[in-house]
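Student: Sequence:
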Amino acid sequence: MTAGDDTDFTIDDELLARARIHAREVLADHALEIDRDALEWAVTTRARRRAGACRWDADREVATIVLTRQAYERYDWPAFAGVVRHELVHAWAFQCFGESGHGPRFREQAATLDAPRHCQRFSAPRYVLRCLEGECDWHARRHRASRPVKAPAQYRCGECGGRYEVEHGESGRTWTTASGFGGAKSALGEEW
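Mapping of the sequence shown onto this note's numbering: residues 1 to 192, in sequence order.
No lab work stands behind these hints: they were computed from the structure. Values in this document were obtained by computation on a predicted structure and should not be read as measured data. Hints may contain errors.
[Unchecked claim] SDA-like cross-link-like pairs, simulated, lysine to any residue; straight-line CA separation at most 20 Å:
no.	residue 1	residue 2
1	K185	P125
2	K185	S146
3	K185	V128
4	K150	R121
5	K150	S186
6	K150	W192
7	K150	H139
8	K185	R141
9	K185	G169
10	K150	V128
11	K150	A140
12	K150	A184
13	K185	G161
14	K185	R126
15	K150	R117
16	K185	R147
17	K150	R163
18	K150	E190
19	K185	R130
20	K150	S179
21	K150	R126
22	K185	A151
23	K150	W138
24	K150	T177
25	K150	G161
26	K185	E167
27	K185	R142
28	K150	Q120
29	K150	E165
30	K150	G169
Work out the full structure: start from the sequences and follow the hints.
Tutor: Below you can see the structure in the form of structure tokens.
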């Protein structure tokens with residue numbers, strides 16, 4: 001940016017610049033063949049669980065690495081650089097094979113780049129579902145009020161099939177029915 005330039009350099013610009021530079025360095029140091037002309041980059045502020053994602057447009061044969069701003073703000077750079085490497089492995093798999101997952105091919109390439117198989121969470125879940133059966137320790141995290149959050153009585157534990165409760169993370173309020181969800185939401189008002 002030059003003096004008198006009205007263009008603001010945003011955090012998204014910084015994130016993308018650092019990610020592209022890191023990707024260029026990684027690709028120069030490793031034998032991972034990625035067509036950089038068929039690689040696009042984007043930033044999202046909507047993601048709540050994923051620090052990054054790689055989308056494949058088969059018609060254009062273009063991989064788009066989408067990075068989450070909140071994760072960039074919360075992680076230190078080495079952790080976020082791991083996210084970039086993780087998504088580069090997905091881009092490589094999409095470009096070479098037209099699909100990508102976290103199976104053996106992914107694990108092998110991720111190991112060569114020192115890329116994590118899974119990334120640490122960068123935000124606390126808004127809701128936690130917990131089994132009510134004494135011996136079962138099943139739980140699930142949710143960031144949005146999905147149907148199992150809103151009407152837990154209609155669903156069952158993912159492990160034992162028992163009933164579960166939902167806890168609102170910030171308040172600690174719990175419910176096991178749709179009316180319980182409505183009551184908690186009403187009671188919390190703006191704190192919801």
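Student: Indicate, hint by hint, whether the structure satisfies it.
Tutor: Verification of the supplied hints:
no., hint, in the structure
1, K185 to P125, "holds, 16 Å"
2, K185 to S146, "holds, 14 Å"
3, K185 to V128, "holds, 15 Å"
4, K150 to R121, "violated, 23 Å"
5, K150 to S186, "holds, 13 Å"
6, K150 to W192, "holds, 13 Å"
7, K150 to H139, "holds, 16 Å"
8, K185 to R141, "holds, 18 Å"
9, K185 to G169, "holds, 12 Å"
10, K150 to V128, "holds, 12 Å"
11, K150 to A140, "holds, 14 Å"
12, K150 to A184, "holds, 10 Å"
13, K185 to G161, "violated, 26 Å"
14, K185 to R126, "holds, 13 Å"
15, K150 to R117, "violated, 32 Å"
16, K185 to R147, "holds, 15 Å"
17, K150 to R163, "holds, 14 Å"
18, K150 to E190, "holds, 18 Å"
19, K185 to R130, "holds, 19 Å"
20, K150 to S179, "holds, 9 Å"
21, K150 to R126, "holds, 13 Å"
22, K185 to A151, "holds, 13 Å"
23, K150 to W138, "holds, 18 Å"
24, K150 to T177, "holds, 8 Å"
25, K150 to G161, "holds, 18 Å"
26, K185 to E167, "holds, 12 Å"
27, K185 to R142, "holds, 16 Å"
28, K150 to Q120, "violated, 27 Å"
29, K150 to E165, "holds, 11 Å"
30, K150 to G169, "holds, 14 Å"
The structure fails hints 4, 13, 15 and 28 (numbered hints given earlier, in ascending order).
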